[in-house]
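Protein chains: 2
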Amino acid sequence: MELHGLHIIANTQSARASSTFHAFDPSTGASLEPAFHEATTEEIDFAAQAAHDAFEAFRQTTPEQRAAFLEAIADETLALGDALLDRASAETGHPRARCEAERMRSVNQARLFASFVREGSWVDARIDTAEPDRQPLPKPDVRSLMQPVGPVAVFGASNFPIAISVLGSDTVSAFAAGCPVVVKAHPAHPGTCEIASAAIVAAAVKTGMPEGVFSLVHGKEHACGIELVKHPRIMAAAFTGSLAGGRALFDVANARPRPIPFFAEMGSVNPVFVLPGALAENGEAIARDFVASLTTGVGQFCTNPGLVFGLDSPEWRHFRDMAASHVRSWAPQTMLHAGIHRAYQYGIEERRGRDALALVAESDGEPRPERSEAAGFLFETDAAGLAENPSLYEELFGPVSTLVKCGAPGDLERFAEQLDGSLTASVHGTPDDLKKYSGLLSVLERKAGRLIFNGYPVGLEVCHAMHHGGPYPATCHSHFTSIGTRCIQRFVRPVCYQSWPQEALPAELRDDNPRGIWRLVDGERTRESL
Amino acid sequence: MELHGLHIIANTQSARASSTFHAFDPSTGASLEPAFHEATTEEIDFAAQAAHDAFEAFRQTTPEQRAAFLEAIADETLALGDALLDRASAETGHPRARCEAERMRSVNQARLFASFVREGSWVDARIDTAEPDRQPLPKPDVRSLMQPVGPVAVFGASNFPIAISVLGSDTVSAFAAGCPVVVKAHPAHPGTCEIASAAIVAAAVKTGMPEGVFSLVHGKEHACGIELVKHPRIMAAAFTGSLAGGRALFDVANARPRPIPFFAEMGSVNPVFVLPGALAENGEAIARDFVASLTTGVGQFCTNPGLVFGLDSPEWRHFRDMAASHVRSWAPQTMLHAGIHRAYQYGIEERRGRDALALVAESDGEPRPERSEAAGFLFETDAAGLAENPSLYEELFGPVSTLVKCGAPGDLERFAEQLDGSLTASVHGTPDDLKKYSGLLSVLERKAGRLIFNGYPVGLEVCHAMHHGGPYPATCHSHFTSIGTRCIQRFVRPVCYQSWPQEALPAELRDDNPRGIWRLVDGERTRESL
Numbered sequence: 001m002e003l004h005g006l007h008i009i010a011n012t013q014s015a016r017a018s019s020t021f022h023a024f025d026p027s028t029g030a031s032l033e034p035a036f037h038e039a040t041t042e043e044i045d046f047a048a049q050a051a052h053d054a055f056e057a058f059r060q061t062t063p064e065q066r067a068a069f070l071e072a073i074a075d076e077t078l079a080l081g082d083a084l085l086d087r088a089s090a091e092t093g094h095p096r097a098r099c100e101a102e103r104m105r106s107v108n109q110a111r112l113f114a115s116f117v118r119e120g121s122w123v124d125a126r127i128d129t130a131e132p133d134r135q136p137l138p139k140p141d142v143r144s145l146m147q148p149v150g151p152v153a154v155f156g157a158s159n160f161p162i163a164i165s166v167l168g169s170d171t172v173s174a175f176a177a178g179c180p181v182v183v184k185a186h187p188a189h190p191g192t193c194e195i196a197s198a199a200i201v202a203a204a205v206k207t208g209m210p211e212g213v214f215s216l217v218h219g220k221e222h223a224c225g226i227e228l229v230k231h232p233r234i235m236a237a238a239f240t241g242s243l244a245g246g247r248a249l250f251d252v253a254n255a256r257p258r259p260i261p262f263f264a265e266m267g268s269v270n271p272v273f274v275l276p277g278a279l280a281e282n283g284e285a286i287a288r289d290f291v292a293s294l295t296t297g298v299g300q301f302c303t304n305p306g307l308v309f310g311l312d313s314p315e316w317r318h319f320r321d322m323a324a325s326h327v328r329s330w331a332p333q334t335m336l337h338a339g340i341h342r343a344y345q346y347g348i349e350e351r352r353g354r355d356a357l358a359l360v361a362e363s364d365g366e367p368r369p370e371r372s373e374a375a376g377f378l379f380e381t382d383a384a385g386l387a388e389n390p391s392l393y394e395e396l397f398g399p400v401s402t403l404v405k406c407g408a409p410g411d412l413e414r415f416a417e418q419l420d421g422s423l424t425a426s427v428h429g430t431p432d433d434l435k436k437y438s439g440l441l442s443v444l445e446r447k448a449g450r451l452i453f454n455g456y457p458v459g460l461e462v463c464h465a466m467h468h469g470g471p472y473p474a475t476c477h478s479h480f481t482s483i484g485t486r487c488i489q490r491f492v493r494p495v496c497y498q499s500w501p502q503e504a505l506p507a508e509l510r511d512d513n514p515r516g517i518w519r520l521v522d523g524e525r526t527r528e529s530l
Numbered sequence: 001m002e003l004h005g006l007h008i009i010a011n012t013q014s015a016r017a018s019s020t021f022h023a024f025d026p027s028t029g030a031s032l033e034p035a036f037h038e039a040t041t042e043e044i045d046f047a048a049q050a051a052h053d054a055f056e057a058f059r060q061t062t063p064e065q066r067a068a069f070l071e072a073i074a075d076e077t078l079a080l081g082d083a084l085l086d087r088a089s090a091e092t093g094h095p096r097a098r099c100e101a102e103r104m105r106s107v108n109q110a111r112l113f114a115s116f117v118r119e120g121s122w123v124d125a126r127i128d129t130a131e132p133d134r135q136p137l138p139k140p141d142v143r144s145l146m147q148p149v150g151p152v153a154v155f156g157a158s159n160f161p162i163a164i165s166v167l168g169s170d171t172v173s174a175f176a177a178g179c180p181v182v183v184k185a186h187p188a189h190p191g192t193c194e195i196a197s198a199a200i201v202a203a204a205v206k207t208g209m210p211e212g213v214f215s216l217v218h219g220k221e222h223a224c225g226i227e228l229v230k231h232p233r234i235m236a237a238a239f240t241g242s243l244a245g246g247r248a249l250f251d252v253a254n255a256r257p258r259p260i261p262f263f264a265e266m267g268s269v270n271p272v273f274v275l276p277g278a279l280a281e282n283g284e285a286i287a288r289d290f291v292a293s294l295t296t297g298v299g300q301f302c303t304n305p306g307l308v309f310g311l312d313s314p315e316w317r318h319f320r321d322m323a324a325s326h327v328r329s330w331a332p333q334t335m336l337h338a339g340i341h342r343a344y345q346y347g348i349e350e351r352r353g354r355d356a357l358a359l360v361a362e363s364d365g366e367p368r369p370e371r372s373e374a375a376g377f378l379f380e381t382d383a384a385g386l387a388e389n390p391s392l393y394e395e396l397f398g399p400v401s402t403l404v405k406c407g408a409p410g411d412l413e414r415f416a417e418q419l420d421g422s423l424t425a426s427v428h429g430t431p432d433d434l435k436k437y438s439g440l441l442s443v444l445e446r447k448a449g450r451l452i453f454n455g456y457p458v459g460l461e462v463c464h465a466m467h468h469g470g471p472y473p474a475t476c477h478s479h480f481t482s483i484g485t486r487c488i489q490r491f492v493r494p495v496c497y498q499s500w501p502q503e504a505l506p507a508e509l510r511d512d513n514p515r516g517i518w519r520l521v522d523g524e525r526t527r528e529s530l
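These protein sequences, in sequence, are chains F and C.
So for the first sequence, the working numbering puts the first residue at 1; every next one is plus one.
So for the second sequence, the working numbering puts the first residue at 1; every next one is plus one.
What the hints contain is simulated information worked out from the structure, not anything from laboratory work.
Take these hints with a grain of salt, some might be off.
Unchecked claim - Derived, one-sided and incomplete: chain F residues facing chain C with beta-carbon distance under 10 Å:
1) Met1
2) Leu3
3) Gly29
4) Leu32
5) Met104
6) Gln147
7) Ala255
8) Ile348
9) Gly429
10) His468
11) Ala507
12) Arg510
13) Pro514
Stated by the list, open to error - DSBU-like cross-link-like pairs, simulated, lysine-lysine; straight-line CA separation at most 30 Å:
14) Lys139/C <-> Lys435/F
15) Lys230/F <-> Lys220/F
16) Lys230/C <-> Lys230/F
17) Lys139/F <-> Lys435/C
18) Lys230/C <-> Lys220/C
19) Lys139/F <-> Lys436/C
20) Lys436/F <-> Lys435/C
Claimed, not checked - Partner residues aside, some chain C positions facing chain F, computed with beta carbon under 7 Å:
21) Ala292
22) Glu461
23) His464
Given the structure is predicted, the values throughout are model-derived calculations rather than measurements.
All C-beta atoms in this analysis are idealised placements derived from N, C-alpha and C, irrespective of residue type, glycine included.
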């Protein structure tokens, strides 16, 4: 598939700027063709305006039509064949198998949202019937359901060039809701974005979606993203990336004359608590699987386990030594791009220099900086060291984690209380541990979006119950998830109809319930018609 | 009931500042005893910290316990007797009957939330069961539900001293969710706030709620509210009031090191469209009921109808003349306080001075400024006049509305497209009108939170389907409502449990579904146990 390095705005290609940039293969440092054009202010305006112009027609599509669009996206994604996988691998250093897994996740996700929107109960339809004779005032007929908010801007993640980018849950959930999408291509994998966009454009054409339902704009400069978030036609934005980038755009979204919600998932430290019973019963397996979780994808997950807490004991020291040996034998691998690699190297050097941190292990293999390779690192500190180094509560993106040996059982709960918001918290324990540390579990319920028992945070299931979010700084809005079907709620708002005539109501609110969805009728959940 | 003018912090009274302020009776201008103390930084800190300290115990209460607390609030509110009504009337100029209606709404609302939280399905429990043998990866058991976010700051409205203040839906929905509340008393009705707080404190003590579940702080200076919103222990805030005040605090909430959601309902222009068929069939009744809606409560509703659109015709002119006669015969009444009265007077003078606006009618009766009395006003303009005066799209709080006579049917849709976000939009029409103006209805679905057919926006039903919200500037977050049971969603976030042991799960997620709630199990809605 030939790449053009052009923006895709309402099914047409565009490139008005003379300034361009290239993607790089992080495993060689080589620049990849073609050159990609920076989006101009005019092009961003075209894309946002086209999305607005498409909105009215798109939101009027039936759930069946949107489901067909999503299924066509899944089919067209598979039809891209090797082109998508090859480019994603070249632009990110991800092994081929990882790219295939991401593609499968995207395809399954689009199909899940197709079935979800076809079933239709997600619109939260509610009907309170009239009581014309009520005293002192008659009660009107009041009905409501979720309606799409309008054009959505999407900022994908560097670490998931397929599954959390153009073809990610932000795009498909916005489409499922009835919102047009403008994607700001990630500048580290613009070619993957261009290829993925071809699948969406093909699906939109095949299923008769309005022009402007999807656009892709490129930009390496921050201005491109800022202009998109500021654009008055954009009604919401979704972002996956760093805290610095997410917060900057969140601030832009809030400072607009008419603010819009900015849903940023910004990673976190993902604490792991290994309780004494689990250490004694299962310490070696936990050490092995923890390091596997830590190093998967070169540690480049927003759910990477960055802090591990336990009580100092012979079992803890054995756990540490086993984890250390696994880290040593883990061979350095190429990170996503040179910038992330530099930040990781800087963070490691900074941690090496701290007195309160002991270096427990690093990869035996020598990383090759020209290939942006990262070694694995394991540090250890104690209660005092953590108290003196609050920056350990912050994420360092890459295959590094810090063990925290605590002296007293109360330390675990105390340090949990100090944690910032996190996407996940993991607990390894026996039934007896759970009873003894119930206070710790309560604290973690207030700190994290997802609690994992005897398991590891990396790798998440795309399903109805998944929550990939958490209190700030894990996200900007702890009410919302960016993965799983609940993420559609980011792009809808309630609309209420009072004494509204049957023929003008959305189908989901009509007396006869033509879509057969679950509704809340006078406080009772039912699929019956009125 | 004797008033003290003190803050109520975790069941104890406090007053550390020497600076004080008084409430006023707007109908006389007289200052009302006692003096109320400004909250100090220390007192705000005590209240927020007490709320935080109460959170863990409060969120662990059962739904039954919280329901009992809410029902006790309803009972204790009634037990306040005349003290609440008398003071509310004195501080706002509201007639006694209005205060009684507000009290009944508060009482019913607390009971509605009690039954809502007792039923329990609102937590949106979801379970995706494990598939240990799935290829290529096993599927874990994933469950999630809504959990409270933490302490909530509440800013009540000047125009509803009982029903949207200390005893409003913000407070009771936060309690229903399991969130402690710190209310910033409205400085125009601090005595009503103190009396209402006594009911909550009594209910909390009777039902064994933790100290700190509720506090009330007073302040006339902006600093008090700003400090409360900035306080790191406050996790969300709800506000009803002006655009200027709401936006200022929204900006404070977003600028925090750890931003919090700020749910502001800030009023709107609430357009009314009177379509030709309705004008012909029913113009006189619409004119009468429109003016009744406009002048109820001296026009001091966030749902007050501020713009009325129709097509110029003999029927329109008759409608205008009838509306004018109703406005003329409406006797001036006292506004909520001198500040609101001044702003209204200023806005009226400003509109009188515009060439494009014709004064159609004002109250025959002479308003007495020393009693903060407002006359009713009706203006008229045309398409060109509205285009030249975009500030007419902004709310002017009080009994004033502007008629917009349009020359062409397309004008209605065109002007609707120019509207900012609004809490409501009302349409008067016949079945034939609806067919002809379906494009207008579509536009209004994108602009408003609630659409009303052949009715008026003022007065809203507290029920499951109600939505009292809308796109900015009606609110800061169009996803959320401030009235109706859906408003509980402002104060909860999803928490997910992966492979979590049964005994440590919240009851709502256990296999045996001990609360018998509706859950989404593997994508199917059911009340069955697993």
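Here is what the structure says about each hint:
Taken as an interface hint, Met1/F does not check out: its beta carbon lies about 27 Å from the nearest beta carbon of chain C, beyond 10 Å. The closest approach between the C-beta of Leu3/F and any C-beta of chain C is roughly 30 Å, which is over the 10 Å cut-off, so the hint fails. The beta carbon of Gly29/F comes no nearer than 33 Å to any beta carbon in chain C, farther than 10 Å, and the hint placing it at the interface is violated. Proximity of Leu32/F to chain C is violated relative to the hint, the smallest CB-CB distance being about 30 Å (cut-off 10 Å).
The beta carbon of Met104/F comes within 9 Å of a beta carbon in chain C, closer than 10 Å, and the hint placing it at the interface holds. Here the hint on Gln147/F is kept, as its CB sits about 6 Å from the closest CB of chain C, short of 10 Å. Checking Ala255/F against chain C: minimum C-beta separation of about 8 Å stays under 10 Å; hint holds. Taking 10 Å as the C-beta cut-off, the interface hint given for Ile348/F is violated, the closest approach to chain C being about 26 Å.
Below 10 Å, beta-carbon pairs count as interface contacts, and Gly429/F has one with chain C at about 9 Å; its hint therefore holds. Given hint, His468/F at the interface with chain C, holds; its Cβ is 8 Å from that chain's nearest Cβ, closer than 10 Å. Contact between Ala507/F and chain C, as hinted, is not supported at the beta carbon level, the nearest pair being about 14 Å apart and thus beyond 10 Å. With a least beta-carbon distance of about 14 Å to chain C, the hint placing Arg510/F at the interface is violated under the 10 Å criterion.
Look at Pro514/F: its Cβ only gets to about 18 Å from chain C, farther than 10 Å, so that hint breaks. Between Lys139/C and Lys435/F the alpha-carbon distance is near 27 Å, which keeps this suggested pair within the 30 Å criterion. With a CA separation close to 17 Å, the supplied pair Lys230/F and Lys220/F stays within the 30 Å bound. The suggested pairing of Lys230/C with Lys230/F holds, with an alpha-carbon distance near 25 Å, which does not exceed 30 Å.
For the hint pairing Lys139/F with Lys435/C, the CA-to-CA distance comes to about 27 Å; that is within 30 Å, so the pair holds. For the proposed pair Lys230/C and Lys220/C, the alpha carbon gap of about 17 Å is at most 30 Å, so the pair holds. At roughly 29 Å between alpha-carbon atoms, Lys139/F and Lys436/C fall within 30 Å of each other, so this suggested pair holds. Annotation: proposed proximity of Lys436/F to Lys435/C is violated, straight-line Cα distance about 67 Å (limit 30 Å).
For Ala292/C, the shortest C-beta to C-beta distance to chain F is roughly 13 Å, which exceeds 7 Å, and the interface hint is violated. A hinted interface residue such as Glu461/C counts as satisfied when its beta carbon comes closer than 7 Å to some beta carbon of chain F; here the least separation is about 5 Å, so the hint holds. For His464/C, the suggested interface contact is upheld, since its CB lies about 5 Å from the closest CB of chain F, less than 7 Å.
Checked against the numbered hints given earlier, the structure breaks hints 1, 2, 3, 4, 8, 11, 12, 13, 20, 21 and satisfies all the rest.
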